[in-house]
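Residue numbers (the working numbering), protein chains in the order written: chain C, 1 to 284; chain H, 1 to 284; chain R, 1 to 284; chain B, 1 to 284.
These aren't lab readings, by the way, just hints derived from the structure by calculation. Be aware that one or more of the hints could be misleading.
Identical copies go unnamed one by one, so any copy, or any two together, can satisfy a pair.
Below, in silico cross-link-like pairs of lysine-lysine (DSS-like), each with a Cα-Cα straight-line distance of 30 Å or less [said to hold, decoys possible]:
1) K153 / K116
2) K203 / K153
3) K78 / K279
4) K252 / K96
5) K116 / K148
6) K203 / K279
7) K89 / K153
8) K162 / K78
9) K148 / K162
10) K153 / K279
11) K89 / K78
12) K116 / K252
13) K96 / K116
14) K78 / K20
Predicted model, so just to flag it, every value in this text is computed and none were measured.
There are 4 protein chains.
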Amino acid sequence: MERSIIALLYGPDQPGIVAKVAGWIHENGGNVLHADQHLDRQENIFFQRVEWSPLPSHDLRSESDAFSSFAHEELDMKVRIALSEDRPKIALMVSKADHCFHDLILRVRSGEWNAKVVGVLSNHEDLRAASEGYGLDYLHLPVTKETKHEVEKQQIDWLRDKGVELVILARYMQVLSSDFLNHVGCPVMNIHHSFLPSFVGAKPYHQAYQRGVKLIGATAHYVTEDLDEGPIIEQDVARISHRHGPLELIEKGRDLEKLVLSRAVRRHLQNCVLDYGNKTVVFD
Amino acid sequence: MERSIIALLYGPDQPGIVAKVAGWIHENGGNVLHADQHLDRQENIFFQRVEWSPLPSHDLRSESDAFSSFAHEELDMKVRIALSEDRPKIALMVSKADHCFHDLILRVRSGEWNAKVVGVLSNHEDLRAASEGYGLDYLHLPVTKETKHEVEKQQIDWLRDKGVELVILARYMQVLSSDFLNHVGCPVMNIHHSFLPSFVGAKPYHQAYQRGVKLIGATAHYVTEDLDEGPIIEQDVARISHRHGPLELIEKGRDLEKLVLSRAVRRHLQNCVLDYGNKTVVFD
Amino acid sequence: MERSIIALLYGPDQPGIVAKVAGWIHENGGNVLHADQHLDRQENIFFQRVEWSPLPSHDLRSESDAFSSFAHEELDMKVRIALSEDRPKIALMVSKADHCFHDLILRVRSGEWNAKVVGVLSNHEDLRAASEGYGLDYLHLPVTKETKHEVEKQQIDWLRDKGVELVILARYMQVLSSDFLNHVGCPVMNIHHSFLPSFVGAKPYHQAYQRGVKLIGATAHYVTEDLDEGPIIEQDVARISHRHGPLELIEKGRDLEKLVLSRAVRRHLQNCVLDYGNKTVVFD
Amino acid sequence: MERSIIALLYGPDQPGIVAKVAGWIHENGGNVLHADQHLDRQENIFFQRVEWSPLPSHDLRSESDAFSSFAHEELDMKVRIALSEDRPKIALMVSKADHCFHDLILRVRSGEWNAKVVGVLSNHEDLRAASEGYGLDYLHLPVTKETKHEVEKQQIDWLRDKGVELVILARYMQVLSSDFLNHVGCPVMNIHHSFLPSFVGAKPYHQAYQRGVKLIGATAHYVTEDLDEGPIIEQDVARISHRHGPLELIEKGRDLEKLVLSRAVRRHLQNCVLDYGNKTVVFD
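Pulled out of the complex, with its shape left as it was, chain C reads as follows (with noise of 0.2 Å):
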């Protein structure tokens, strides 16, 4: 793989941006691979995914840096840096559905990703020997509606100690407390097994069957405060029928569900989302 970095930027946008990122990245004796911008006309906020391979004789570290300072300070951008080094760890949390779960272990052993799976948390003890037989660390902690703000202390403080930067909810069925969003200190990833915004809540092929749609969906989106109203990273369908009921509909979406899933993660792996407001740039 090449050695390149990365940066996400977005701003107020202003004239000469393009301009001038291209500009220091090739005064820096930088090359450019890949470069994507998007302006949202109604908020006037520029946003840029940039990857560029630097001179060999540069430490990565210390360009990124530099880079990030002249965009804070001479662009006025947010900026957030991944090179090519890195391999973010990831944790999973989990309650029995064992779908998403072996899909994204799968996935990212076969080196289909560049990331490393640090362990599982669940409510539930159903998925300790498929977690121990890929060699992974499973903590389980049973929430109950009197214990879950300490269980989520001690989620919290796992997953910190393991620097876990991304957290996927795959299937996990607890609703996670503003005080867990707050503290995890790393993006927290969710499928939900409908087509956002229809169906939020429980049970959502059960309602997707007593409203006899013709599509069921599945969303990826990034977890806040309000259930299911995050931003969505991705989204996808598959055609149903009146001859499915309830546990076709189930059995149909698992399929649906590890898709949406795996493309998101992808997606944020290879830093190409960007959240503001409630919605996501995803670059290509």
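Following the hints, complete the assembly by docking chains H, R and B onto the known chain C.
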């Protein structure tokens, strides 16, 4: 085209319906061309669509009357009959947008569907020239809160005079009263420009943009008293991204609306759709 | 799960087949759960899939034998029978790629399909550890031009010993001889990594890249003597762009291969697929 | 609509192109609205589409001339320029089928595209009345083996007289000679009714039926001397089953052909398509 009878049946399930229906047709010398059935196990309702060619010496109308009696009396089923020679009369209701309007009329004119458009109703003058260019009667009745009741009576008289058997709301931007629906005497189909139940009501593309969804949709449904709540016949979606503003969604949506509405109309005209409760069975 | 018999019939069309089949079941006290038929009008061949629950007092095996005799003798139809209690034995043939391998095994293990994987055959050692981790027998037989004939004999012995009822080539990178196909004694299914008939033979993703197509595909088919020419069971495509090099096509293609192969296997295991001539009828 | 210049550039990659292009625009007081680039790493060719609004005081034509000189001379790039005020002239070539014909004309008339249809060429009389109903010139020239050479000369004279900038073969059932293509002086786009490279040549839907594929497709491409081998701009597919005979494929295919051709034309008219070798870059 083959000379045939299509029967749509539904009612409480009971043993032997399939055998009895097939037996009746066979005993009367008919040859089954297609047969499809469905059992809603939650409601215990049986549905069947069966198409057969009767003996050349048999009159289509009398054979289908005889079948209807048999199905009512011996199977306790509700029956809807269509003959291969039927050519249902369609009326369009439109406002200003013309994409579904042209699409439907051109399909009928090309012989794609065995139907006849008998006129266009509108609350605006915009599509008069185009309608008359197609040789179609055009009735313009502006609607205000005050005139609505009276206008709907005129619309119903006009539709009944023409013997209309299907009313298609091809982006008609007025809500129909339950009075209208109770008296129109034939099914009314609508195209809603979202993936229902998401984004009911006005300006669904703006709502979709605001929420940041990654797919937009369209839904064709029979119209009932509850706005956007009628039985869904067909839905589809198209992929969008952060690059698409509300105007691009509207443009992309037009193609989706045409496709989804035309598929629903095709299935209806092929006598493949049965609605019950608030859902549909759409046979292949 | 309900206790039921599934019959797949096909043969020359004749009047009254539907009535006679439904009549036989009804007279024997059975209740039709699903029935679907198809008439190939060009070839005048009739196809039917019918599933019924017999009287509780009836033995599944004797009732299905009786039905088979009836269908052979009175309808002149070929018949294939499956019972709800059947749990077909599957063997996988693999080389080095493991995505379809894991996908299929995890589906069986999760109970998604009513089947049993009885072993893995490979021309490489790569998937031994994973297979044995799943508790599966693994037979490694390297194939060279010289040994091919002998190896195929050993493979067939192994498959027959285990009573295998479906062989799935889950990205097995060797061509099977017609000798193998004639003696294996059960259907063999393959996943080809292109939208057939485009890009037959080796390296289809590279061919697709070279041609500049905008969609890549995958095709699941039964294996016949003519490479990549067997009856197609299922196909699907994914959108690509100029941005995707051959490696990205391979990565994107893996998800497609898993989905398409798993859908084909599901339909096969649900006894929904009939192949005739070089085509398939796949009932819903 | 905003006053803007769109430049499409391509040529051998070299360091700093992005910076130099953005720098040139910024120095001339322009504001980049969109910019997208692509590097074909196998061929080492760089592609860019950049759109900017120049200073209000700048003339669009002179600024774009100046940019072209800069790109040629300092970057060694080939350049194609379009102005926001351009309204390209389109001619349609048709035979008997009218679905793409109506679809394209109605899109232009509705203002969906910034273009002008200047006439219709045909080897049949069938679409004369419809064309003239739209107020379009119609040139009917029957083609036989003997007259083909002479007819093509007349067609080219007619197209050149009208200043046509894009020829669209909207189901024109004649092969164009390389002589025609060399002299027509503008791009020629075709819709082929299959998923190329499958089913080249005549009667692709019949070929698809014969092969038993589970999806049918359509392909829009620029026309080159090699029939059905030109650079692909857009493709899509639709699901079919064993129930669909050749006639149903043709009917289903019409919708696909309209959609795929219209998407390709849209991208072409938005100056998003660059063709090189036998492939295209289609910017978003």
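Against the structure, the hints come out as follows:
When the C-alpha separation of K153 and K116 is checked against a cutoff of 30 Å, the pair qualifies only within one copy, where the shortest distance is 23 Å, while the shortest distance between copies is 43 Å. In the homo-oligomer, the alpha carbons of K203 and K153 lie at most 30 Å apart inside one protomer (28 Å), although the nearest pairing across protomers, at 43 Å, exceeds that limit. In this assembly of identical chains, the alpha carbons of K78 and K279 lie at most 30 Å apart only when taken from the same copy (17 Å versus 38 Å across copies). For the identical chains of this complex, K252 and K96 are neighbours both inside a copy (18 Å) and across copies (28 Å), given an alpha-carbon limit of 30 Å.
Taking CA atoms no more than 30 Å apart as the test, K116 paired with K148 passes inside one copy only; the shortest distance there is 28 Å, against 41 Å between copies. Both within a single protomer and between protomers do K203 and K279 lie at most 30 Å apart by alpha-carbon distance, with minima of 25 Å and 19 Å respectively. When the C-alpha separation of K89 and K153 is checked against a cutoff of 30 Å, the pair qualifies only within one copy, where the shortest distance is 20 Å, while the shortest distance between copies is 48 Å. For the homomeric pair K162 and K78, the shortest alpha-carbon distance inside one copy (27 Å) is at most 30 Å, but the shortest distance between copies (52 Å) is not.
Only within a single protomer do K148 and K162 lie at most 30 Å apart by alpha-carbon distance; the minimum there is 21 Å, versus 51 Å between protomers. Taking the shortest Cα distances, K153 and K279 sit within 30 Å of each other inside one copy (28 Å), while across copies they are farther apart (46 Å). Taking the shortest Cα distances, K89 and K78 sit within 30 Å of each other inside one copy (23 Å), while across copies they are farther apart (45 Å). For the homomeric pair K116 and K252, the shortest alpha-carbon distances inside one copy (29 Å) and between copies (21 Å) are both at most 30 Å.
For a Cα distance limit of 30 Å, the shortest separation of K96 from K116 qualifies both inside one copy, at 22 Å, and across copies, at 23 Å. Taking CA atoms no more than 30 Å apart as the test, K78 paired with K20 passes in both settings, with 15 Å inside one copy and 24 Å between copies.
Violated hints for the displayed structure: none, as all numbered hints are satisfied.
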